[in-house]
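Here the structure of chain C is known, so what remains is to put chain E in place on it, guided by the hints.
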Amino acid sequence: MSRPNIKNAALRVTRLVAVLLCIYDAAQGQQMRDSLKEVQIRDKRVLTGDTRTNDFSAGQKIQAIDSTTLHQYRLQSVAALLTQQVPVFVKSYSFNGLATLSFRGASAAQSQVLWNGIPIQNAALGVADVSAIPVSFMNNINIAYGGSGALYGSGNVGGALLLESDRPVYDTDYRQLFVSGGAGSFGQYQGGVKGALAGKKWYAAANTFLQTAKNNYSYTRTNGATAQMTNGELSSAAVMVQGAYKFNNRNTVELHGWYQDYDRHIPPALFETYSVKRQQDKSMRMLARWQYTGARYNVYARSSFIRDEINYSDTAVVVVTHNAVHQYYQEAGWKQQTGTNGQLLVFIPVQLSWLPEGNDSQRQNRIAVAAAYQIKLINTRLHLSVQARGEQINDQRIFLPGGGAAFHVRDWLWLRANVQRTYRMPSLNELYYFPGGNPRLKPERGWTQDAGYTLKAKKGQITLYHDLSIFNRNIQDWIMWLGGAVWTPQNIATVHSRGTETDTRITFGTGDWLLHFSAGTTYVLATTTASNIPGDGSTGKQIPYTPRYNGRVNVGCTWKRIYLNYNHTYTGYRFITTDESAWLLPYQSGNVQMMYSTTIRSRRLQLSLQYNNLWNEQYSVAGFRPMPPANWLAGMQLQLL
Amino acid sequence: MGWKDRQILILVLSVLLWACVKDKPAKVNTPAGKAGSVYIVCEGNFGNGDATLYSYDKKSDSVYGDLYKAANGQSLGDVFQSMRRIGDSLYLCINNSDKIVVLHALTHRFAGQINIPKPRYIVPLSTDKAFVSTLYSNKVYTINPKTLFLTGEMTFPHNNPEGMCISGSNLYVCPWDTTCNKIYSTDVTSGIATQAITLTGYAPHAVLTDREQMLWVLSGNVTKGRQAVLSRVDPSTGSVVKTYTFPAGTDPIKPVFNATRDTLYFIQVKYDGTNTNNGIYRMHLHDAALPATPFISANTYQYFWALGIDPATGDIYVGDPKGFSQKGTVTIYKSDGMPIRTFTVGLGPGQFYFETQ
Numbered sequence: 012m013s014r015p016n017i018k019n020a021a022l023r024v025t026r027l028v029a030v031l032l033c034i035y036d037a038a039q040g041q042q043m044r045d046s047l048k049e050v051q052i053r054d055k056r057v058l059t060g061d062t063r064t065n066d067f068s069a070g071q072k073i074q075a076i077d078s079t080t081l082h083q084y085r086l087q088s089v090a091a092l093l094t095q096q097v098p099v100f101v102k103s104y105s106f107n108g109l110a111t112l113s114f115r116g117a118s119a120a121q122s123q124v125l126w127n128g129i130p131i132q133n134a135a136l137g138v139a140d141v142s143a144i145p146v147s148f149m150n151n152i153n154i155a156y157g158g159s160g161a162l163y164g165s166g167n168v169g170g171a172l173l174l175e176s177d178r179p180v181y182d183t184d185y186r187q188l189f190v191s192g193g194a195g196s197f198g199q200y201q202g203g204v205k206g207a208l209a210g211k212k213w214y215a216a217a218n219t220f221l222q223t224a225k226n227n228y229s230y231t232r233t234n235g236a237t238a239q240m241t242n243g244e245l246s247s248a249a250v251m252v253q254g255a256y257k258f259n260n261r262n263t264v265e266l267h268g269w270y271q272d273y274d275r276h277i278p279p280a281l282f283e284t285y286s287v288k289r290q291q292d293k294s295m296r297m298l299a300r301w302q303y304t305g306a307r308y309n310v311y312a313r314s315s316f317i318r319d320e321i322n323y324s325d326t327a328v329v330v331v332t333h334n335a336v337h338q339y340y341q342e343a344g345w346k347q348q349t350g351t352n353g354q355l356l357v358f359i360p361v362q363l364s365w366l367p368e369g370n371d372s373q374r375q376n377r378i379a380v381a382a383a384y385q386i387k388l389i390n391t392r393l394h395l396s397v398q399a400r401g402e403q404i405n406d407q408r409i410f411l412p413g414g415g416a417a418f419h420v421r422d423w424l425w426l427r428a429n430v431q432r433t434y435r436m437p438s439l440n441e442l443y444y445f446p447g448g449n450p451r452l453k454p455e456r457g458w459t460q461d462a463g464y465t466l467k468a469k470k471g472q473i474t475l476y477h478d479l480s481i482f483n484r485n486i487q488d489w490i491m492w493l494g495g496a497v498w499t500p501q502n503i504a505t506v507h508s509r510g511t512e513t514d515t516r517i518t519f520g521t522g523d524w525l526l527h528f529s530a531g532t533t534y535v536l537a538t539t540t541a542s543n544i545p546g547d548g549s550t551g552k553q554i555p556y557t558p559r560y561n562g563r564v565n566v567g568c569t570w571k572r573i574y575l576n577y578n579h580t581y582t583g584y585r586f587i588t589t590d591e592s593a594w595l596l597p598y599q600s601g602n603v604q605m606m607y608s609t610t611i612r613s614r615r616l617q618l619s620l621q622y623n624n625l626w627n628e629q630y631s632v633a634g635f636r637p638m639p640p641a642n643w644l645a646g647m648q649l650q651l652l
Numbered sequence: 485m486g487w488k489d490r491q492i493l494i495l496v497l498s499v500l501l502w503a504c505v506k507d508k509p510a511k512v513n514t515p516a517g518k519a520g521s522v523y524i525v526c527e528g529n530f531g532n533g534d535a536t537l538y539s540y541d542k543k544s545d546s547v548y549g550d551l552y553k554a555a556n557g558q559s560l561g562d563v564f565q566s567m568r569r570i571g572d573s574l575y576l577c578i579n580n581s582d583k584i585v586v587l588h589a590l591t592h593r594f595a596g597q598i599n600i601p602k603p604r605y606i607v608p609l610s611t612d613k614a615f616v617s618t619l620y621s622n623k624v625y626t627i628n629p630k631t632l633f634l635t636g637e638m639t640f641p642h643n644n645p646e647g648m649c650i651s652g653s654n655l656y657v658c659p660w661d662t663t664c665n666k667i668y669s670t671d672v673t674s675g676i677a678t679q680a681i682t683l684t685g686y687a688p689h690a691v692l693t694d695r696e697q698m699l700w701v702l703s704g705n706v707t708k709g710r711q712a713v714l715s716r717v718d719p720s721t722g723s724v725v726k727t728y729t730f731p732a733g734t735d736p737i738k739p740v741f742n743a744t745r746d747t748l749y750f751i752q753v754k755y756d757g758t759n760t761n762n763g764i765y766r767m768h769l770h771d772a773a774l775p776a777t778p779f780i781s782a783n784t785y786q787y788f789w790a791l792g793i794d795p796a797t798g799d800i801y802v803g804d805p806k807g808f809s810q811k812g813t814v815t816i817y818k819s820d821g822m823p824i825r826t827f828t829v830g831l832g833p834g835q836f837y838f839e840t841q
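First to last, the sequence lines map onto chains C and E.
Position 275, counted from 1, in the first sequence is what the working numbering calls 286; the numbers after and before it change by one each time, with no gaps.
Position 178, counted from 1, in the second sequence is what the working numbering calls 662; the numbers after and before it change by one each time, with no gaps.
One thing to keep in mind: the hints can contain errors.
What the hints assert, rightly or not - Derived BS3-like pairs: lysine-lysine, alpha-carbon spacing no greater than 30 Å straight-line: (1) C/K552 - C/K467; (2) C/K552 - E/K508; (3) E/K726 - C/K453; (4) E/K623 - E/K738; (5) E/K613 - E/K623; (6) E/K708 - C/K293; (7) E/K738 - E/K708; (8) C/K552 - E/K666; (9) E/K738 - E/K726; (10) E/K542 - E/K506; (11) E/K666 - E/K738; (12) E/K708 - C/K552; (13) C/K205 - C/K225.
Quick caveat, the hints were computed from the structure, so don't treat them as lab data.
Only chain C is shown next, with the shape it has when bound in the complex (with noise of 0.2 Å):
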């Protein structure tokens, strides 16, 4: 393709790609200089710390959210940033409460968390709590759309989020030392410092985050009288340390460490009068890391403990509760170059998890050996992966398969195929809960396959980024908690899932200012198409809190160190019931960011101004929890060293 037509067709694209948009009603997207980030560059791709991810995950979808949307919500929640910002529904409870993520129409127990390469979703519930971690602490966030049971193991069905906190550095002149601050509406205050310190053989670093909050909002009740929300307090501390050791040119070894306490007091829903509910999330996560780099091979080992511990007290009806959980994660692995454009994986996860108070029985020991293989091929415009895992989990076993296909079929084209099977085990308390837990469950089982473009290009100061994907998935084996005075987890239901999802970007850039836009849509239809209920009502219905569509829109400008940003998402009806007998109305969201930057006396300041859903849209995430109205969060950031 000639210069010419390239510009032609970054030209036409253009056009056509706003036509099209018109017609979607929402959209979603990313923003500003580094917004391409994520575009996959033809040789390699070094999006994380995993090499799972970076070299053999060829055909599978993964998105990094860039700086400058985690600057601009450094003072905020993952979930606050996802639900603005990616094509995933955060279910929030409130906006004092439990967040938890599903990729294309997945459940949240079917949509994993990693950290540094490992799971953190609590053992014991399944799922993590998005809301409870801070954005400051990491330093990469990056989504994988679709399943890749063999790489990532139990739970990965619908997607990843992929996690990373900072990469040590080896510099004699390394020194780094941050202080932030913020405040806003509803009695927000918030605190955090962050520093590091390396040498040419060692890294040390430390981040704090203080945060505490009224939440007393004013909110509409059922019957149109206006009041104030009680019981909305919040208060947490969260610190991460991290350590690093360069032993020689091949030999590294990292130690991390995260620990954090939230107290949540959550309020009363709209059918309630009053609430004096309590909620204490604790958690400590560690995890020690090696690497050996040879001239065509790397071992590595990692090894986790992660104790998780929610009290929840709720004195109107005298509930007390305590629980904890472990869950001890290991890791080896060894890659291997294979000739010129080949690389073999290898690697051994064990994870066991347990509830240290119950008994002996209520544990889960898994391990696997997996593989994967990635290859370049016709001058390293095809790269094709194969990925396998055969796992023990207690007395079951399970194989795993998968593939996928990436080609750069033109220098603006690229397109992308996967296919894996996937599966999840039921969560401790799905197992082994008093009452009602179910040791007879089995694991949800299916195959998952995607397929999608990515088209970028470039004419003078504008770049269009462009991608689509379409997925399916059958699984099998649905588990779904049915109760009445005690609830159950039952395998009862195959579901199918299908949809796509677009993510469009422009820029134009010209003397100080860089425009933006960015557009992105998400359609899943995730449907119940048999069912072990007699005269079950939920065959060819939408299973409950999943969206059928949800966008975004990003629109705003950088002028020299001012950056604004309008984000607008769209979020569709929820049913919450399996039958679609009962819903949520669609809601929509405005919000507006800014930011400026610094230099006073060679240290560099950074303010930000959020102010969140400007329009006043009263809605519900999940039903009769009203979350905040108009409200706005000012912050700033100061580098000492």
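Relative to the frame of chain C, chain E by itself:
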């Protein structure tokens, strides 16, 4: 861009024209409220605020859904436990919304509200006095159904006063507490405690009278390790005349008598997806032992949650909550167990109330 590039571009972008499903759900047609001959109390799913009141008109064979919302434009609340008619009004105990909602019986329009923590059941003494049991406290409240005022309260040695009935001049109360093996009686007029009857089983939760004026008390809390026991009690002497002990692990609930009060029906519920000890059971009041097999069996992945006997026809009404994850169904059986009609109701059908007026 060459012709080949254009072809590829058109091909890949044409995928955007994917056919989509209409997002807006089909509106469910809800008929206007009407005084039905059978009310169905639909609890809703705990914590979701989706309790509803349905009715079934036997004459026209019609089902009327969400009567409260249709008449008042708002949701009823969270966990609709039970209802009674007193005079010209319906009294609805909305357990997790801490209120009794009062409706005009004919129009179903909101007539008032009585705020009581975790109300469970109402037993009327007259049109100006009724008793309300509550969960998590040790109190039974007295209310004036005409003025909608709380007029008093009675305290008991144990928490969770649950099932109640009036026999003679006494109100009998079951404290559903695993440390309690007694039912208590108080004088309905003075509120003074009159008797504490000791049972074989712990955690009594339902009491009703048979045609011989004997009390039948169902006890037990399987999840908390209290085996279920059915006791027949002579209220005149306070002695237990017959005890039936259920097999360990069985969970009998919601006993009701037929119109002649000589046959007791109850549900045995099983949540584990199996159908052993799961269904509708019945026994004559002089049977020597508990029924070994269900009169109406539940299927696998099914259990029943509501049971009522139509005092006019003897028909048996059974509610299937379908796991509280979707709308439930009600099936009507003839007294010989032959199913004659099934219809869909709200989420979690838990009680039937038969209009006799």
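Given hint C/K293 paired with E/K708 - CA-CA distance at most 30 Å: Roughly 28 Å between the alpha carbons, so the hint for E/K708 and C/K293 holds.
Hint consistency between C/K552 and C/K467 [alpha-carbon to alpha-carbon, up to 30 Å]: 37 Å, violated
Given pair status - E/K726, E/K738, alpha carbons within 30 Å: 19 Å, holds
Hinted pair E/K542 and E/K506, Cα distance within 30 Å: 37 Å, violated
Pair hint outcome, E/K708 versus C/K552 [Cα-Cα no greater than 30 Å]: Given pair E/K708, C/K552 is violated - Cα atoms ~37 Å apart, limit 30 Å.
Satisfaction of hint between E/K738 and E/K623, Cα-Cα up to 30 Å: 21 Å, holds
Proposed proximity, E/K623 with E/K613 (alpha carbon, max 30 Å): 16 Å, holds
Hint consistency between C/K552 and E/K508 [alpha-carbon to alpha-carbon, up to 30 Å]: 13 Å, holds
Distance restraint between C/K552 and E/K666, which requires alpha-carbon spacing of 30 Å or less: Roughly 48 Å between the alpha carbons, so the hint for C/K552 and E/K666 is violated.
Pairwise hint evaluation, E/K708 against E/K738, where the allowed Cα distance is 30 Å at most: Status holds; Cα separation ~18 Å.
Pairwise hint evaluation, C/K453 against E/K726, where the allowed Cα distance is 30 Å at most: Distance of about 44 Å is beyond 30 Å: violated.
Pair hint C/K205 and C/K225, alpha-carbon separation not exceeding 30 Å: Cα-Cα ~25 Å, so holds.
Consistency note: the structure conflicts with the earlier hints numbered 1, 3, 8, 10 and 12.
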